[in-house]
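On the provided structure of chain P, position chain E as indicated by the hints.
Okay, here's what each chain looks like letter by letter:
Number of protein chains: 2
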Amino acid sequence: MTDRLEAQFAFLNEADRLKSVLRATTLVDGSRVENSGEHSWHLALYALVLADQAGPGVSIDRVIRMLLIHDLVEIDVGDVPIHSQNGQAHASLETTTAEAKAADRIFGLLPSDLAADLRALWEEFEAAETPDARFAKSLDRVQPVMANLMSGGGTWATYNVTYDQLETRVGSKIAKGAPALWDWVKGKARPWFG
Amino acid sequence: MTDRLEAQFAFLNEADRLKSVLRATTLVDGSRVENSGEHSWHLALYALVLADQAGPGVSIDRVIRMLLIHDLVEIDVGDVPIHSQNGQAHASLETTTAEAKAADRIFGLLPSDLAADLRALWEEFEAAETPDARFAKSLDRVQPVMANLMSGGGTWATYNVTYDQLETRVGSKIAKGAPALWDWVKGKARPWFG
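Residue numbers (my numbering), protein chains in the order written: chain P, 137 to 330; chain E, 137 to 330.
FYI, nobody ran anything at the bench for these hints, they're computed from the structure. Source: prediction; values computed, not measured. Every residue, glycine too, gets a C-beta built ideally from N, C-alpha and C. Watch out, some of these pointers could steer you wrong.
Okay, derived cross-link-like pairs now, DMTMM-like style, lysine to aspartate or glutamate, Cα gap no bigger than 20 Å in a straight line [what the hints assert, rightly or not]: (1) 309/P x 253/P; (2) 324/P x 303/P; (3) 309/P x 319/P; (4) 312/P x 262/P; (5) 237/E x 249/E; (6) 324/P x 139/E; (7) 324/P x 142/E; (8) 324/E x 142/P; (9) 322/P x 142/E; (10) 237/P x 259/P; (11) 322/P x 139/E; (12) 309/E x 259/E; (13) 237/E x 260/E; (14) 309/E x 265/E; (15) 237/P x 260/P; (16) 324/P x 150/E; (17) 312/P x 240/P; (18) 237/P x 215/P; (19) 312/E x 188/E; (20) 312/P x 188/P; (21) 324/E x 139/P; (22) 237/E x 253/E; (23) 322/E x 265/P; (24) 324/E x 150/P; (25) 309/E x 215/E; (26) 322/E x 139/P.
Chain E regions said to be covered by chain P (calculated; three or more residues, Cβ under 8 Å) [said to hold, decoys possible]: (27) 139–153; (28) 163–171.
Label-pair ranges, simulated between beta-carbon atoms [as the list claims (entries may be wrong)]: (29) 296/E x 330/P: 54 to 60 Å; (30) 265/E x 323/P: 40 to 46 Å; (31) 253/E x 150/P: 30 to 36 Å; (32) 298/P x 231/E: 45 to 51 Å; (33) 319/E x 249/P: 18 to 24 Å; (34) 158/E x 195/P: 30 to 36 Å.
Bound conformation, chain P alone (with noise of 0.2 Å):
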């Protein structure tokens, strides 16, 4: 029991450390950037909150474990924007690979059952085949073009963002796990860029 507890806290405290790691989005009053701790909360309570804009066969509450554990491996990698390097970074081989890495080493730290979990829900997340992944990756593509749009632009003006590369980058994915959303949005964000 002592060693499990060890093991627990040794990744609850390393897990600590993503409230330290920056995202390119700011908040949406736009005051500062958003790190990936805080993050990973508000994606779980969109979770909880758009439900009923999931597809049939979806578990929220697998959605929001996914959600909780999504970006973990930032601590080592940092957060890659989706809209940097043209659109090339964020599913880069050199990305990718770094990521494996990263989760190797951090779910480790768990006692071997958790870890084994764990590691498969945030692998699930990665291939975004599943129902309960592809729509925890739409609200992980939804949550940042509501903050650029209360912050008056954000990171769409931080790397010149095209309407259509928006719809290629973002819409497409939002849209394969969450359709009737990105209608929605959709319509909010295209007035934008004029």
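Frame of chain P; chain E shown alone:
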């Protein structure tokens, strides 16, 4: 549908302000104080990882949902540290009245079905009578103890807390929902107080 999404996002955009509510507790590395948004994420992760510390009949998924929303009232009321005003402010009539009013406003932004669900979940947390709520409260009390231990004393030093006060204000509440967890944490905390 459109009106419903407007209400859902009015709530989600307002909830973003929890990231600007500062707590007395610092990050594990002591670099800055924690905000209530990232704190809520960390607690939900605590529930996921420490599920084996919950008593019979506890639904970890309900505990996670509870922890995601438990501090939203702080957007209006602010965080009231457990050790502030010699331990008297946290559960004062003034605080609980202000929090109920904040819950009216904040959950009231949601569509009525969601507002009722999340308000009920928050009230269950506050009442701390069900097994789910008791376990959620235990985690809410354990996490700052770990932050204080990791950062060299934290709010115990700030508020001149004695070990007896820690037992009364914190330990007794952790023990209600997670007795074995308090036994273990106590062994870590006791030496700090000399």
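Hint check:
no. : hint                      : result
1   : 309/P x 253/P             : 25 Å, violated
2   : 324/P x 303/P             : 13 Å, holds
3   : 309/P x 319/P             : 12 Å, holds
4   : 312/P x 262/P             : 14 Å, holds
5   : 237/E x 249/E             : 19 Å, holds
6   : 324/P x 139/E             : 13 Å, holds
7   : 324/P x 142/E             : 11 Å, holds
8   : 324/E x 142/P             : 11 Å, holds
9   : 322/P x 142/E             : 13 Å, holds
10  : 237/P x 259/P             : 12 Å, holds
11  : 322/P x 139/E             : 16 Å, holds
12  : 309/E x 259/E             : 17 Å, holds
13  : 237/E x 260/E             : 16 Å, holds
14  : 309/E x 265/E             : 12 Å, holds
15  : 237/P x 260/P             : 16 Å, holds
16  : 324/P x 150/E             : 17 Å, holds
17  : 312/P x 240/P             : 29 Å, violated
18  : 237/P x 215/P             : 15 Å, holds
19  : 312/E x 188/E             : 15 Å, holds
20  : 312/P x 188/P             : 15 Å, holds
21  : 324/E x 139/P             : 13 Å, holds
22  : 237/E x 253/E             : 17 Å, holds
23  : 322/E x 265/P             : 44 Å, violated
24  : 324/E x 150/P             : 17 Å, holds
25  : 309/E x 215/E             : 18 Å, holds
26  : 322/E x 139/P             : 16 Å, holds
27  : 139–153                   : holds (count 10)
28  : 163–171                   : holds (count 6)
29  : 296/E x 330/P: 54 to 60 Å : 58 Å, holds
30  : 265/E x 323/P: 40 to 46 Å : 44 Å, holds
31  : 253/E x 150/P: 30 to 36 Å : 34 Å, holds
32  : 298/P x 231/E: 45 to 51 Å : 49 Å, holds
33  : 319/E x 249/P: 18 to 24 Å : 22 Å, holds
34  : 158/E x 195/P: 30 to 36 Å : 34 Å, holds
Of the hints listed earlier, those the structure fails to meet are numbers 1, 17, 23, in rising order.
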